[in-house]
Structures are given as structure tokens and as C-alpha cells.
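K.L.:
Line order of the protein sequences matches chains A and B.
Residues 1 to 388, numbered by the working numbering, are exactly what the first sequence covers, in order.
Residues 1001 to 1253, numbered by the working numbering, are exactly what the second sequence covers, in order.
Note that these hints are calculated values from the structure, not bench results.
Please note: incorrect hints may appear among the correct ones.
[As the list claims (entries may be wrong)] As a list, the in silico PhoX-like pairs of lysine-lysine whose alpha-carbon atoms are at most 20 angstroms apart:
| no. | chain 1 | residue 1 | chain 2 | residue 2 |
| --- | --- | --- | --- | --- |
| 1 | B | Lys-1080 | B | Lys-1035 |
| 2 | B | Lys-1185 | B | Lys-1035 |
| 3 | A | Lys-384 | B | Lys-1076 |
| 4 | A | Lys-15 | B | Lys-1188 |
| 5 | A | Lys-384 | A | Lys-298 |
[What the hints assert, rightly or not] From the derived model, a few chain A residues whose C-beta atoms are all more than 10 angstroms from chain B:
| no. | residue |
| --- | --- |
| 6 | Leu-9 |
| 7 | Gly-11 |
| 8 | Leu-29 |
| 9 | Thr-63 |
| 10 | Asn-126 |
| 11 | Asn-132 |
| 12 | Met-244 |
| 13 | Val-373 |
All residues carry an ideal CB built from backbone N, CA and C; glycine is no exception.
Single-letter residue listing:
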Amino acid sequence: MNSQRVFSLVGKDLKKTIRDPATLFIIILFPVILTLAFGAAFGAIGGTQQTRYQIGVVNMDLTGPYQQWSQRFMGNLTDTGILTIQDYPTNESAQGDLAQGKIQAVVAIPADFGQSCDSFWTAPTNPSLWVNTTVLLYLDSGSMFATQAIPPIIQQVLTTTLYGTQQATAPNPIQVGSPSLVEASELTMFDYMAPGVFAYAAIFLTMTVAQSLTTDRENGLLRRINTTPTTPSEFFTGQVISNMITALVQVALVFVMAFVVGYRPKGDVTSLALAFVIMSIFALVNVGFGLITATIAKSSGAATGLAFVFILPQMFLGTFVGAALSQSAQAASRFVPSFYATDALTSLFLRGAPASSTTVLVDLSVVSICSVVVMLLGIILFRKYGKT
Amino acid sequence: MTRNSINEATIVVDDLVKRFEDVTAVEGLSLEVEKGELFGLLGPNGAGKTTTINILCGLLEPTSGSASVGGHDVRKEPRKVKELIGVCPQDTATYPHLTGRENVELFGNLHAMPKEKLKERADELLARMELLEDSNRRVGKYSGGMKRRVNLIMALIHDPEIAFLDEPTVGMDPQSRRAVWEFIKDLKRQGKTVILTTHYMEEAEELCDRVGIIDNGKLIAHGTPESLKTKFKARNLEDVFIQLTGRRIREGL
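The shape of chain A in the complex, shown without the other chains (with noise of 0.2 angstroms):
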């Protein structure tokens, strides 16, 4: 392999995508706007800024001796900051207005919830004296917002309300129905949406790869490059390489947004640098992808519509949009790359884990697998009959 002729094929391709507006917006402005959109929209710009959400409570314990429980609940609600309380007279008004989008979800307080919270105190080391009881949380299925980060601020609520203070993990006789405990009060959506952010920005380079390969066949270029020296090995390298390139440039521009916005994401150098490594590999297949794409498509028009055969599933159903789907759509999720780069991501990222966890290694194990694979199709399948 003569590594004149592969660097200056990815020269060739680095320069298209920088001085062609159509690739340079699609690879590397839309990314950058992406995360300062949604990391002005649902992220913490400078560190200060926190979603708000809406939501109803209905308080069936207004009265009796230990209704003082149920007004100290409230009071914690309202003081999160984070949510707006609404009051309701009946769980039927409240489900009226949630199932009209008014509010994103429903907090239903138990008639005998302070007699629970009371006979907590009564026998703290007795759970078989406490008074076990359950608030209802209804929940917009509609709103990832909702399903993703309510639940663990209700949670958190109520043991606050219940210690005084923050316990992780100190047993109550209350139970909601979302019981693990994310640090919600300190993450913003973005967070939750920010690995997702670098997989979607990845996932484009099918379309510009399909786009730029069916362009140079229409133009002659392919068939002209065919009649140099060049093999189709130091070809695909250069193709291979330019892309990877672009990928990290991707990853580094969205990272340092998304920085801006107030993003500060788990994980030390290390973590930081694998997740590099698995977005360069990520973008692997998705250049495989669009080799297929360019094989199929007749034309570079053709070739932009088709690519999204592969972008849309990858987008749906492996980035943060996948976040709120049917268990059905998440089951199908298990078959996109996507999902594998966004949840090793999330793993790095958002929940802290080491880069040596079997999660992660999993998940990078996965990417690798499907990139050889992928490309592999895409380079036979192209140098089949995607060259004229």
C-alpha cells in the first residue's frame, strides 16, 4: 500500500468537506448547533440554568392528625426548584389535564400517608409495625422528559421528606412507583441526551459518504482514479481514514459545546479518550453504510434519500431520541449500532462507569463487530457494483 496515494485521497476528501457547505453543515455545523440547541433548550448553560416541570398533585390526606406529613411533602416539592406545583381536588381532574398535555404528570398522596410517615418515626427499627403505603405517580407516556427524570425527583422527595434529609438507601414505608435513586436534582435532560448527541452526529456521515461517492461516480472521478495505479485497497484506506478523521473532529466540537452548555459529564481522561475511540469506530459503520447506500443509489439525489434507510433507524432507535419508546421499539433498538455507541457513552458518561466495566467493553465489542462487518459488505458490495 503506497502511503502517497492514501493520504492524498484523504487530503482530497478532508478538503471536500471543509470547503463544500452542503458536507461542512451536514458533518460539522449541524452537529455544533445541534448540542447548543439542545443544551441551551434542556441543559444547564453556565451551570445555572434547570428545567422545570409541570406537575398535579392530589392531596387525599387533607385531613386527620398527621396531614402535617402530607403539607411537608408538598413543601419539598415545591422547594426541588426544579418542579411546579399544581393542586387538584380529584385524581380525575388531574387525569383530565395530563391526558391533555397540561401537565407531565401526576403525584396522587395517599389518604393514609402521614399515618405511614408517622409510624415510621413511631418504630424506625420495626418495619413490621410501619403502616405500608404507595404514591401513585401517573406519568405522560408521550414526554421522555417525564418518564426519564420525574420519578427519581419524586423519589428523592419523598425520602427527604420523610429523614429530614437526603438517604440513598435507608428503607421507608412508602414506596413510589419508580423507586431507583439517579441524582436527578443535579442533571439536567441534556445529560441524559448528550451521549445520544454524539451518536446522532456520527450517524450523518452515511448520507455525506454516499452523497460524495455517487457524485465522483456520476462525475467520472471514480472511473478515473481507476485508470491510475491507485488499488482499491489504498482507496478504501483513504476513505476509511478521512472519515475516522471527521468522526473525531465531530466528537471533539460536540464535546467542547456541549461543554459550553454547561455539560460536565462523569469519567476521567481515560473515559473521555475511549469514547473517542468508539465514535472513531462508530463512524466506521456508518461509513459501511453509506458504501451501501452508494451501491444502491443510481444517483447522488437518489443516494440522499436512501441513505436515511440506514440513518433513521440508527437515529431513532440508538441515540437520545430512543429514549422513550415502547419496549417493543427498545427490544429492536438491541439491532442498530447506535444503541451500542449511545449506551457506552451513557455508560462513560452519564453513570460514571470505568472504562474497564464489562458494560463498556461490551458495547465497544459490539461497534467493532458491526464496523468489520458493515464495511466489509460496503467495500464488496461497492467494488461489485457500485463502481460505474
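Got chain A sorted already, so can you dock chain B onto it with the hints?
P.N.:
Same frame as chain A, now just chain B:
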């Protein structure tokens, strides 16, 4: 069509056939081109000229027959053939987002030219084609004539022994065409072997040592322009073509 022994010929085509499904583009074509010769393939659009060139460049597999370039079989040793040749395609094939110089240097790099020699040669050819001043402008902003000149330089940047020039002057203004003619004459003076396809008969008469006239995929006449004109008692090659086929060469254009 044997004028010399195979050892002396740079390009040898023997009973070449190329079919595309039910269309026969080249039918039993045989010819030899000597080293240092400027050979013109003449014929109307669709006659089979470009198909023949594409087979000789290793871009198309012949259906039957054989062809060798520089002593290398185009089927068995396409890579060796590609190291020897420079190809100027009929339709301008340049990267619009690259400058004229970048386009030229890209193809020099694809032929693995040493950097210094590449720059020197690029300067020389760009100056020769009066493109030096505009060489740092993107080709997408060039006029049609400028693009065609860059197209030609890209084919010849690596100083190939054998050049295939497929309609290199089509669509050019007379001034640009004259400049390209001079350039092609220079190639001949340098001892390069050139196969030139054209449907401009005056171009063939001006430049070619010998011509082969192709019609419907068949070689229907060949020889020096003078010998063909004498043989057919014609004033020019256009008349030769009319006598052979009953129509003008550019009717189909």
C-alpha cells in the same frame, strides 16, 4: 493491420469484441500502434472509440479478443498497464472543490510522483496551458475551456509513456483548441505514444501519424491521412468517411 512486429508495437489489439447485453460496441477490432506514434481513432459518437479506449485502460473487460499495452495484457496485468498510461476522459472529470493545482497534484500523487518533481511538472504544465495564474482557484469556478485544460493536465502530469486522449478538445474555443494541439504535438516530439479519439477530422489531419476510422464498432479503414485521401481520391478525411459510410461523421451530434 500489421505494420510491425509485436515487439515494436506499444499497443496491440487483436480481434477485440465488446458486447453490452444485445449491443455490440466493438466488433473484431484489430490494430497496432508503434512506440512514439500518434494514432487517431475517428468515428461518430457511439462508434466504439471510447469503449476501445476503456478496454485498453483496464476499465472494461473485453467480451473476447485480446489487447496489450506496453507489452502487458490488459486483462492479466491491468496494474502494470495503469503505471504506463495517462488517460484524459471525454467528459471533464475534475474535483470542483479542489483548486486546479490540487486536482493536478492529486493525480500526480496517485501516480506516486516524487514531491519536488511533481511541483516542478505541475508548474510547467499549468504555465503551458495558461492556467498558472488561476491555479489556486477552485475548479468549480473555472470556465468550461479551463476545466478541459485541467482535465488534460491531470492525465499527463506523471509524464506517461502512453497517453489516451478521448476527445480532448471537444467544446473548446478555437484558441484553446490550438493550444491543446500544440501540446499534443509536443508529446509526439517527446516520443510519447498517443491514441487520440476525435470526430474533428481537421484535428486528426493536423495531429495524427495514422488514423483508424471506426463505424458501428468496426475498423473500416486505416492508414496515414494522406494515404487514405489518396486511396479514396478525397480532399479531406471527412470525404473519406462519407465515401465509406454514405454519411457525414458529425451527423449524429
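K.L.:
It remains to establish, for every hint, whether it holds in the given structure.
P.N.:
Hint-by-hint comparison with the structure:
Using a Cα cut-off of 20 angstroms, the hinted pair B:Lys-1080 and B:Lys-1035 holds, with the two alpha carbons roughly 17 angstroms apart. Simply put, B:Lys-1185 and B:Lys-1035 have alpha-carbon atoms about 15 angstroms apart, close enough for the 20 angstroms limit, and the pair holds. Distance check on the hinted pair: A:Lys-384 and B:Lys-1076 sit about 18 angstroms apart at the alpha-carbon level, within 20 angstroms; holds. With a CA separation close to 36 angstroms, the supplied pair A:Lys-15 and B:Lys-1188 exceeds the 20 angstroms bound.
For a cut-off of 20 angstroms, the pair hint linking A:Lys-384 to A:Lys-298 stands: about 14 angstroms separates their Cα positions. At roughly 8 angstroms from the closest C-beta of chain B, the C-beta of A:Leu-9 falls inside 10 angstroms, breaking its exclusion from the interface. Under the 10 angstroms C-beta cut-off, the non-interface status given to A:Gly-11 relative to chain B is violated; the minimum distance is some 8 angstroms. At roughly 16 angstroms from the closest C-beta of chain B, the C-beta of A:Leu-29 stays outside 10 angstroms, upholding its exclusion from the interface.
Distance check for A:Thr-63 against chain B: the nearest CB is about 76 angstroms away, which clears 10 angstroms, and the non-interface claim stands. For A:Asn-126, the shortest C-beta to C-beta distance to chain B comes to about 77 angstroms, beyond the 10 angstroms cut-off, and the non-interface label holds. No beta-carbon of chain B comes within 10 angstroms of the beta-carbon of A:Asn-132; the shortest separation is about 69 angstroms. Interface exclusion of A:Met-244 from chain B stands, the closest Cβ pair being 20 angstroms apart, more than 10 angstroms.
The Cβ of A:Val-373 lies farther than 10 angstroms from every Cβ of chain B, with a closest approach of about 29 angstroms, so its non-interface assignment holds.
When each numbered hint is compared with the structure, violations occur for hints 4, 6, 7.
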